[in-house]
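These protein sequences, in sequence, are chains A and B.
In the numbering used here, each residue carries its 1-based index in the first sequence increased by 1025.
In the numbering used here, each residue carries its 1-based index in the second sequence increased by 4.
Hints are computed from structural coordinates only; laboratory data are not their basis.
Using N, Cα and C, we set each Cβ at its ideal position, and we do this for glycine too.
Don't take every hint at face value.
[To be verified] One side of the interface only, derived from the structure: several residues of chain A facing chain B at Cβ under 7 Å: (1) Pro1033; (2) Tyr1035; (3) Asp1063; (4) Lys1066; (5) Ile1070; (6) Ser1073.
[As the list claims (entries may be wrong)] Keeping only pairs whose Cα atoms sit at most 30 Å apart, straight-line, the calculated DSSO-like set for lysine-lysine is: (7) Lys113/B <-> Lys1065/A; (8) Lys82/B <-> Lys1066/A; (9) Lys74/B <-> Lys1092/A; (10) Lys1034/A <-> Lys59/B; (11) Lys1044/A <-> Lys1034/A.
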Amino acid sequence: DTAVSQTPKYLVTQMGNDKSIKCEQNLGHDTMYWYKQDSKKFLKIMFSYNNKELIINETVPNRFSPKSPDKAHLNLHINSLELGDSAVYFCASSQLAGIHNEQFFGPGTRLTVL
Amino acid sequence: AQTVTQSQPEMSVQEAETVTLSCTYDTSESDYYLFWYKQPPSRQMILVIRQEAYKQQNATENRFSVNFQKAAKSFSLKISDSQLGDAAMYFCAYRSPAGGGADGLTFGKGTHLIIQP
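With the rest of the complex left out, here is chain A:
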């Protein structure tokens, strides 16, 4: 019954590796997002994806790329991982046409880069 799910929940990897985090929503929403929460708990939008339109936060390095195979999935690919990429990454979804446009969040993926 999970509305927004992410895998894996924990990811430990070495600097320089390439990794992916998967996100799936079963709410029928048309928009999905990725947020980064740093070690000070600050949450910042990275990407939003709606009807094949990608909106990118200008501060996100191009090592990060979202991939959407279909409306229910938005995966996050990270190339050449750096120490500073260590954070918790949250996926979220919403229905833009909805009255409140509430965003539903996944459980987060804690990424640790060694």
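Given the structure of chain A, go ahead and fit chain B onto it with the hints provided.
Below, chain B without anything else, positioned relative to chain A:
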């Protein structure tokens, strides 16, 4: 660009008491949405309450209510009859209507709420 400021990094309240968390924001838009999210130690982001800027009436959800002052760009959260389960990080968030909100939420830095038994 919009900014959201939470000036209280940490707040402490006795169980059963009332506490108010502050949030101010900066925007040039007239229509927008404001949210309070709760993040317990489990790290799950949970929506507590929402407010549409075009509504003058303050939103309430059981023990949670907001004081929305549009002219002052203030959006504080009041928690009545605090319970141990309320202990968490609380984030204030802003959503622009531009693009239908496709540019995501802008969050404040959060307030860590401690409940003293």
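> If you check each hint against the structure, which ones fail?
Replying inline: 1, 2, 3, 9 and 10
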